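Following the numbering used here, the numbering of the sequence shown begins with 678 at its first residue and continues without gaps.
Calculated from the structure, these hints are not laboratory results.
All values derive from a computational prediction rather than experimental measurement.
Each hint should be verified, as a subset may be incorrect.
[Unchecked claim] Pairs of lysine-lysine, DSS-like flavour, derived with a Cα cap of 25 Å:
no. : residue 1 : residue 2
1   : K742      : K830
2   : K908      : K1026
3   : K937      : K1039
4   : K894      : K883
5   : K883      : K764
[As the list claims (entries may be wrong)] Derived Cβ-Cβ restraints for the label pairs, each shown as a range:
no. : residue 1 : residue 2 : range
6   : E1136     : D769      : 43 to 53 Å
7   : G886      : Y1107     : 11 to 21 Å
8   : R1062     : E739      : 52 to 62 Å
Positions of the beta carbon are idealized from the N, C-alpha and C atoms, including for glycine.
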Amino acid sequence: MLLVLLGLASAFWYLLFRINLNLLGGGDLTENGIPACPQVDAIHPVKHSILHSQLEVLYGWEGFKLSVYSRLGRAIQIPTESYDDLKPVGQDQRWDIFGTLHEYLETAFPLVCCPRRSFNGKSVGAPAIFWPIRRFELFGFARECSRIPDIGKWIWGRGSVDDKADLITQLVTVDALLKHGFSPSRTIVLAYGIDEEASGQEGAGKLAGYLEQAYGKDGFAILIDEGGGFKNLGGGDVIMAAPDISEKGYLDIGIQVNTKGGHSSIPPAHTSIGMLSSMIVHLESHAHSPQLRRSGTPFSLAQCLAAYDPSFPPELRRLAAEALSDDRALEQFKEGLVSLFPVWEATLKTTQAVDLVSGGVKVNALPESAEAVVNHRIAEHSSVRELQEHITTLLSPIAETHNLTVKAFGEEVSAGETAAGELVLSDAFYNALEVSPVTPFFGSAPARLLSGTIKATIESSTRYNANHVVVAPSFANGNTGN
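With these hints in hand, go ahead and build the complete structure from the sequences.
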C-alpha cells in the first residue's frame, strides 16, 4: 500500500534531513555477548543543522506554544466523529462535518493545508508535499467530541491526544519548515483517513488506491503509520522506543443458531439460545494458547527488554539468552513472560472476546434464532483461514449433539433432512483482515535510519534525563483498521 502516514512528529525528521547512511552505527550486544537486540547510533541533522537549531529556539518560545494550543483546541471543537453505521460518503450527511474541519485547516495552515498546487522539491516534477484535495479523503478522526470546556488550563476532548494532536503537530512542523524556506530532497506525502474506528474504508482505503494510482506500485521508499511510543525502563535510566513493525489480524465471527419456533409452554430440551450458550462456553473453555516463536516480533521485543531493561528479572534474562537456541528454555521463557506480565498472554496468541449476543423476540415464544459475535485479534503466526478452520472444528461436534447442520463461512460442512436446525458461522461484518506483513527491522537500512533518528530526537530533548535510548521492534495487539 502506497500511503505515507507520519504518525509521530519526532519521526518526521528522518525524512526532512538528508543524512549520510555511513553514519549509522553497528549493533550493541547483550551482557552475555549475544547480538539479540543490535542498536544503531543516534543520527543528528548535519546538512540542516542550522535550521534544526533555529526550530529548537522557535519551539521553545512561549508565544509559539500558545499558537499551537489554540489551533489544537479549535480543531477539537469541530465534532468529526465516525460511527459504525456510516453509509458511504455522499450518502450520509454525518460526513459533512469533515468539510468544516477541512476549511478550518485551510485557514489555520495556509502554507501547508490543501493548496490547489504542490510544493516542488529538488526532484523535477516531484511534489515534496502532495495533498489530495478530494473531499473527505484527506482528514478524518475517530475520537473527537463536539465540545471542550473553556477553563484556561487544559485542552480537553476526544481528539486532544489521539488523533487530532498528531495531526496538528505534523501540520505545525511542516508549516514551520516552509516558513524557514526548507525544501526536501525527497517527496513527502502526508495523507489522513477519516474513519479508522469504523473500518477505514472511506478514508485510508480510498487514499491508498488513489496514491498507488498516482505514484505507482512501490512508489514510496518508506511508509510510516501511527504506532507505539516510548517509555522509561528501570526507573528512568533507559528509555525504550518501540515502533510497531507488525499488526495482528482481525476477524469478527458470527455464530448463529436457527431452530424451529413454537410456544414456550411446550419447549424442547434446548432452545436456540441454550444451544448457542453451550457453544460459547465450549469456545471460551478452549481458548488459543500463547506461542513464542524465534522468528516473531514478540520474541525480538522480549530479547530487547531482557538486554536493556534494568528491572528485567535476572532469571528471565538468563532464559532469554538460552532461548535463542534451546527449545526448552524458549518454552520456559514464554511461561515466565506470561506469568510475570499478563499482557504477554494476549500478545502471544489469537484473542477472542464474545462481545455481542442477541436472540428471542417474546417471552412466550420459542426463539427461532440466536446469534453471538466473537471478536478476534489474530496472532502474528496465524491467519484468517486458520482461525476459521479452528472455530469450525471446535463447534461442529457441539452442533452435532444438538442435531444441527453446519454451514461455515459459505461452505456446507454437514447436512441432514431431519435436522433440528442449523449452525451458521460467518464473517459477521465482512471485514476480515489478515495479519500484516512484518516489516524488516534489524539490519534493514530504513529501520536503522528511523531508529537513529528516534534516538537523536529523544536525546536532544530538553527533558531528556536518561542514560540510554534503545529502539526495539514492537507490534500492535489491536488492529488500527477497526
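Going down the list of hints, with the structure as the test:
{"no.": "1", "hint": "K742 - K830", "in the structure": "13 Å, holds"}
{"no.": "2", "hint": "K908 - K1026", "in the structure": "24 Å, holds"}
{"no.": "3", "hint": "K937 - K1039", "in the structure": "15 Å, holds"}
{"no.": "4", "hint": "K894 - K883", "in the structure": "15 Å, holds"}
{"no.": "5", "hint": "K883 - K764", "in the structure": "14 Å, holds"}
{"no.": "6", "hint": "E1136 - D769: 43 to 53 Å", "in the structure": "47 Å, holds"}
{"no.": "7", "hint": "G886 - Y1107: 11 to 21 Å", "in the structure": "18 Å, holds"}
{"no.": "8", "hint": "R1062 - E739: 52 to 62 Å", "in the structure": "56 Å, holds"}
Going down the numbered hints, you'll see the structure goes against none, and every one checks out.
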